[in-house]
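Enquirer: So the protein sequences, as listed, match chains A and B. Going by the working numbering, the first sequence opens with residue 1, and the numbers climb by one from there. Going by the working numbering, the second sequence opens with residue 1, and the numbers climb by one from there.
No lab work stands behind these hints: they were computed from the structure. Incorrect hints may appear among the rest.
Here are some, though not all, of the chain B residues that point toward chain A, as calculated from beta-carbon distances under 10 Å [claimed, not checked]:
#1 37
#2 40
#3 150
#4 152
#5 160
#6 162
#7 233
#8 238
#9 240
#10 244
#11 271
#12 274
#13 281
#14 287
#15 293
Glycine included, every Cβ here is placed at the ideal spot set by N, Cα and C.
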Amino acid sequence: MGTYILRRLVMMVPVLLGVTLLVFAIAKLTPGDPVMLMLGFSATPERVALLRSQLHLDDPVFVQYGRFLWDAVHGDLGLSFRTQYPVIKEILERLPNTLELTFLATAVSALVGITFGTIAAQNKGKFLDRFLMITSLAGLSIPTFWLAILLVLVFGVWLHWISPAGGEGIKNLILPVLCLAVWPTAVLARLTRATIMEVLSEDYVRTARAKGLMDRLIMNRHVLRNALIPLVTYLGLLFADLLGGAVFIEAVFARSGIGRYIIGAIIARDFPQVQGVVIFIAVGYVLLNLIVDVLYGVIDPRISVSNS
Amino acid sequence: MSSSSQIELPKTPASIQALPLKKAPRQSPFIFAMESLTRDRVAMLGLACLLVMVFIAIAAPLIAPYSPTTINYDVVLSAPTWAHPFGTDDLGRDIFSRVIWGGRESLRTGYLAVTIGLGGGIIVGLVSGYLGGAFDSITQRIVEVFLAFPSILLLLSIVAALGPNLVTIMIAIGVSSIPGYSRLVRGSVIATKNLDYVTASRLIGAKNRWIMVRHILPNIIAPILIYGTMSLGGAIMLTAGLSYIGLGAQPPSPEWGAMLNYGRAYLQLGWWMSAFPGLAVFITVLSINLLGDGLQEALNPKMRSAGPR
């Protein structure tokens with residue numbers, strides 16, 4: 001197990017090198033002088049030259065990349081063009097808000113999605129199954145940001161239950177979480193249904209049925225446990241989906257968070273902010289997937305991670 | 001005898017001649033799947049809906065009752081009426097006409113984004129899978145790097161570099177999906193490249209490029225096109241979403257997401273400004289997903305019979 005984790009950590013190196021190279025190259029290849037962005041076009045040539053040398057922008061590109069990488073490894077993602085504030089601090093300030101949103105959405109979607117998927121699989125072909133599957137397809141197709149707008153319209157503008165301009169507190173967390181959970185709930189419901197139906201066709205389920213076990217017992221003891229394995233794998237991918245969703249949800253509900261932070265950074269072309277978020281999230285995602293893969297081996301004794 | 005060189009063949013007995021000449025039933029699994037798809041009513045409903053949306057988008061100048069950009073201060077923020085079925089916005093522009101015109105922007109952007117992704121994916125996957133060896137190894141390591149982090153990050157990085165507009169997000173959605181497509185194509189290529197007819201072609205001295213384009217590509221194109229269709233919904237949704245948060249189409253474009261963005265400020269005064277453009281996205285994506293669901297079931301019959309119940 002130890003060697004496996006170590007090897008996976010080593011495998012992260014090329015991935016993170018690739019990500020840093022990518023964001024660095026994008027910032028470098030983009031037209032527009034960062035110094036001009038910071039000082040404005042009325043700046044004197046002396047000030048421009050001074051700032052250029054302070055930011056080491058006169059060095060060769062590969063030296064700049066090396067310095068960028070060295071700083072990033074030490075947790076320094078540079079200073080924002082706009083605020084002159086360390087990007088890593090800005091990210092960490094907004095991270096709890098986004099994590100709160102994504103964790104709650106994960107919990108809601110896992111609970112509802114797996115329940116619906118199980119119910120659908122148990123009623124395969126019947127009305128309830130058809131209904132749940134069509135509902136989940138609608139859930140996959142509805143634009144999250146539009147659903148969010150409609151909910152703000154109904155509960156904020158018409159019923160005045162929440163503030164349409166956004167706000168803190170539990171009351172203002174319900175709608176964002178629900179909206180963010182719609183898509184993964186639908187995915188999980190469909191995935192659960194498909195997995196359970198696959199497990200139901202396994203020999204050991206037939207054996208269990210042949211020896212006269214009750215359906216409920218077969219479901220709880222044999223089917224659900226085995227069906228859980230692919231669902232855990234999905235949890236790693238779910239994080240990426242939720243993060244993508246958070247970009248839109250935070251915008252609609254005017255919530256402070258990583259998603260809104262990166263939108264603002266892109267519109268203002270504040271490259272240190274964009275680079276910082278991309279690197280930060282890539283690292284988090286790769287680590288999360290490592291944890292999921294390790295969990296995989298713990299849940300399913302047939303898979304021995306050290307041999308793979 | 002008119003010609004001595006001709007050998008007279010024995011005549012076919014009349015009993016055999018009378019047999020109707022039937023074409024052998026085409027056994028291609030793909031055609032079989034398509035036949036089962038046409039019997040899937042829900043999928044056909046999705047296809048019909050999608051075709052209607054595409055038709056409306058193409059025929060927008062003929063269908064739309066008003067110009068999408070003409071300002072008319074006489075009917076500012078009118079709720080839906082017979083004259084303006086979807087209402088009007090703060091400048092008196094007809095939302096119905098704007099939604100119709102917006103379909104052009106949204107559908108075209110989604111379709112071109114998928115084309116960019118598929119095109120790039122086919123080139124990378126085909127060459128990498130067919131050539132194998134060191135080229136394949138290096139390409140796959142690079143692809144793995146891209147697949148190892150969420151593609152939304154690559155997408156947003158590209159938008160950051162090129163600046164927010166509709167062309168940018170089309171490129172960004174397309175390019176950020178190339179790694180995923182190339183994996184899919186490479187898998188199909190590897191499964192195809194050692195089949196007898198490919199080997200035969202190589203034996204008679206055909207060039208690599210000829211084999212790739214003439215023999216392998218036609219045999220893997222069907223599943224790839226279907227996968228492309230299925231991801232069209234996601235691309236359209238993403239286009240609208242990015243425009244909504246201000247990274248895509250900019251006003252006065254009637255792109256659906258841009259309309260939603262614009263309507264957001266008027267939520268209190270004109271709910272119709274936000275409701276209808278989003279509904280258009282929803283219906284388009286839903287019809288694509290209904291079709292895609294049917295396609296998947298038709299191509300993967302194992303799913304249908306799974307389970308003893």
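Enquirer: Hint by hint, note whether the structure agrees.
Expert: For each hint, the structure was consulted:
1. For residue 37/B, the interface hint is violated, since its Cβ never comes within 10 Å of a Cβ in chain A; the closest pair sits about 16 Å apart.
2. Here the hint on residue 40/B is broken, as its CB sits about 13 Å from the closest CB of chain A, past 10 Å.
3. With 10 Å as the threshold, the beta carbon of residue 150/B comes within range of chain A, its nearest partner Cβ sitting at about 4 Å, so the hint holds.
4. Interface hint status for residue 152/B: upheld, as the beta-carbon distance to the closest one in chain A is roughly 4 Å, under 10 Å.
5. Using the Cβ-Cβ criterion of 10 Å, the hint placing residue 160/B at the interface with chain A is satisfied: the shortest such distance is roughly 5 Å.
6. For residue 162/B, the suggested interface contact is upheld, since its CB lies about 8 Å from the closest CB of chain A, less than 10 Å.
7. Taking 10 Å as the C-beta cut-off, the interface hint given for residue 233/B holds, the closest approach to chain A being about 7 Å.
8. Given the 10 Å rule on beta carbons, the hint for residue 238/B holds: about 9 Å separates it from the nearest Cβ of chain A.
9. Taking 10 Å as the C-beta cut-off, the interface hint given for residue 240/B holds, the closest approach to chain A being about 6 Å.
10. A cut of 10 Å between beta carbons decides the hint on residue 244/B: the least distance to chain A is about 5 Å, and the hint holds.
11. Restraint check, residue 271/B versus chain A: the minimum CB separation of about 5 Å is within 10 Å; hint holds.
12. For residue 274/B, the shortest C-beta to C-beta distance to chain A is roughly 5 Å, which falls under 10 Å, so the interface hint holds.
13. For residue 281/B, the interface hint holds, since its Cβ comes within 10 Å of a Cβ in chain A; the closest pair sits about 5 Å apart.
14. With a least beta-carbon distance of about 8 Å to chain A, the hint placing residue 287/B at the interface is held under the 10 Å criterion.
15. Annotation: residue 293/B was flagged as interfacial toward chain A, and the flag holds, the nearest CB pair being 6 Å apart, inside 10 Å.
Hint check: violations occur at hints 1 and 2; the rest are consistent with the structure.
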